[in-house]
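Visitor: Whole structure, please, built from the sequences with the hints as guidance.
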Amino acid sequence: MSVSKVWNYFSKVEIDGETKAVCNYCNRKLVGSSKKGTSHLNNHLLRCPVMKNVETQKKEMSTCPETAGIGGDFLFDNERSCLDLARMITRQRCPLDMVEHESFQTFVKNLQPRFTLPSQDTLKADILHVYREEKLKLHEYLGKLSCHFSLIMQFWTCHRMKNVYCCFAVQFLEDGVTLKKILALQKVDHSDYHQGTLLFERVKSLLEEWNIDKKLCSITLRSSASNDKMVQSLKSLLSQRTNCQMPLFEHFFHIHCITYIINLPLQDGLNEMAGLLDKIRNTIRYINEASPRWELKFQHILEQHNFRDKYSTIFEYVSTRWDSTFLLFESAMELRELFSHLDTTDCSFMDLNPHEDEWIMAAIVYKTLKYTYDSICSVLGCKCLTANVYFNKVCDIYSMLLELQNNSHKFVRLMAAKMKEKFESYFGKCRMVLAIAAILDPRLKLEFVQSAFEVLVGDDQARIIVADIRNILNDVFDSYAAEPGVQVQELSSSFSTSHMINQWRQSKRHKSAASPRAELNRYLQEDVINNAEEDFDILGWWRTNSSDFPTVGKMALNILSIPMSTCTISNSGFNNRTMMMINPTLDSLNLEIIEALVCGEHWLGDEHSSIYSLNAEPTDQEKLQ
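Using our numbering, the letters of the sequence shown correspond one by one to residues 547 to 1171.
By construction, these hints were calculated from the structure, which means they are not laboratory data.
Think of the CB as a built atom: it goes at the ideal place given N, C-alpha and C, for glycine as much as any other residue.
Some hints could be false.
Once the Cα atoms are required to be at most 20 Å apart in a straight line, the calculated EDC-like pairs of lysine to aspartate or glutamate come out as [as the list claims (entries may be wrong)]:
#1 K966 - E818
#2 K975 - E1000
#3 K727 - E1138
#4 K775 - E747
#5 K966 - E993
#6 K690 - E720
#7 K683 - E720
#8 K964 - E818
Here are the computed distance ranges between Cβ atoms for each label pair [stated by the list, open to error]:
#9 V723 - N1136: 29 to 37 Å
#10 K750 - D1083: 34 to 42 Å
#11 H685 - D824: 47 to 55 Å
Guide: Here it is, written out as structure tokens:
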């Protein structure tokens, strides 16, 4: 026998031996015996004031866009839900064929039977619709900004090198915070990647489309002949426009990717160790393919010498990416003792195991490669590092290469000379901006930069280099001083500045006005900040001290915000190819959809969102096939 729907609104309870029906809304108790029927219960529902109020609220919620979808009754909108799905798939990096999965279709049908899941083609159209909406919003947002922009370019490809893409992003300073926005992803012909002529036209068109050609102060990309040619053409074009001249334009327009430069010693060192690494890979294959009896003996050695934990990590790094190759190298250094034990138990293994002199040279080189690897990892660990953090890292690597050149082993000396020669050629292209960024760090200033060059190149050469740096620093300062209304927004203070402090600051500004470079000289001559916090906020320091150094402050904020690495786009500095790797599943899609997914994920996320996961390296097994 069916139960009346009225019991959805009442609960049966026993009170003093009688069955009562208690209203779920107003708690009124009515006769609940089945013999009395349910007419009196239905009549109560028509008059229940609490139920009327609840139902009225539900109807109001169903017609309110902000609360649509909340509660039992609402105004369903299939089109809106399709766009919500497109946003979710874009932002969460879900596969597009997700809408065709039977389990997902069942889930959606049970969740909302009225929702019609779009086909994959319709989903792509919705993704493009969302992309165009977000692009318009970003275009309007950037158009309202008066700050300078730095363009970042990074090249991507798939595993098979089928297609080449260029990802464009801008970095800028707004309200004292360094922000980054991806603008576009475009396919580039292989021929143009090596020539740069058409790439120049693409960059020019992109800057004009986003209306930032008159606000561009720098462009960051990795060093190559074609890229250098393209940047030179772009700089020549912009220099012809008088309204495009900005203080940083002349000296700091072309920024060579520092991660690539730091990576050079790591790549070269691993190349020189290629013979040793091949032997290590062969020993691993030999161990993995050994007989069960040999495996038991091997396991006994692991247990006996506490090698089990170390050995378990070595299998994960057999790859041709530089980070994986280095980690293989590092694991092998830790397992050197294990290999020596296996030498004594297996003659075949003895033939594969590196010789003692190879291990000795590897240990010497490892120290430099380890520091380089750690430096790259520290760069990749942050989204928007300020430019001041790189100078000391580069100097430390240079110093280690000098140390290797004096090593007693001829092989190590020759290897260090090759590494140093290439490193010097690239370091020379960016040392000026790195040094000036370090000078604008109140913890370092000119004294540290001069000391660093004295260690690296000697006192005489250091004086020449530092003199050139100081001349360019003066030129940039003069350009900023010539700009009208130089001022930097100060951080709000919890106390009111006293009249005496205002007079003191005003007096300093008058003195600076009397001598154009007095402000810069005063900053350089003041003591450096000692015992600063580990997480010292250099941009915050300059905003706080903008009253004392208005011109230097504006110059510092702009220079420190220049992106020194293309890895602010994708978190990979270890690729052994000339380009980053893009996820193979993306590469199979239409270019328009690829761009919509890459840009859309970034735009729909918060200001710290990234697209790191879109860069995927093939596994070692894939490379061996």
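Visitor: It remains to establish, for every hint, whether it holds in the given structure.
Guide: Here is what the structure says about each hint:
no.	hint	in the structure
1	K966 - E818	holds, 13 Å
2	K975 - E1000	holds, 19 Å
3	K727 - E1138	holds, 19 Å
4	K775 - E747	holds, 12 Å
5	K966 - E993	violated, 25 Å
6	K690 - E720	holds, 11 Å
7	K683 - E720	holds, 17 Å
8	K964 - E818	holds, 10 Å
9	V723 - N1136: 29 to 37 Å	holds, 35 Å
10	K750 - D1083: 34 to 42 Å	holds, 36 Å
11	H685 - D824: 47 to 55 Å	holds, 52 Å
The structure does not agree with numbered hint 5 stated previously, though it agrees with all others.
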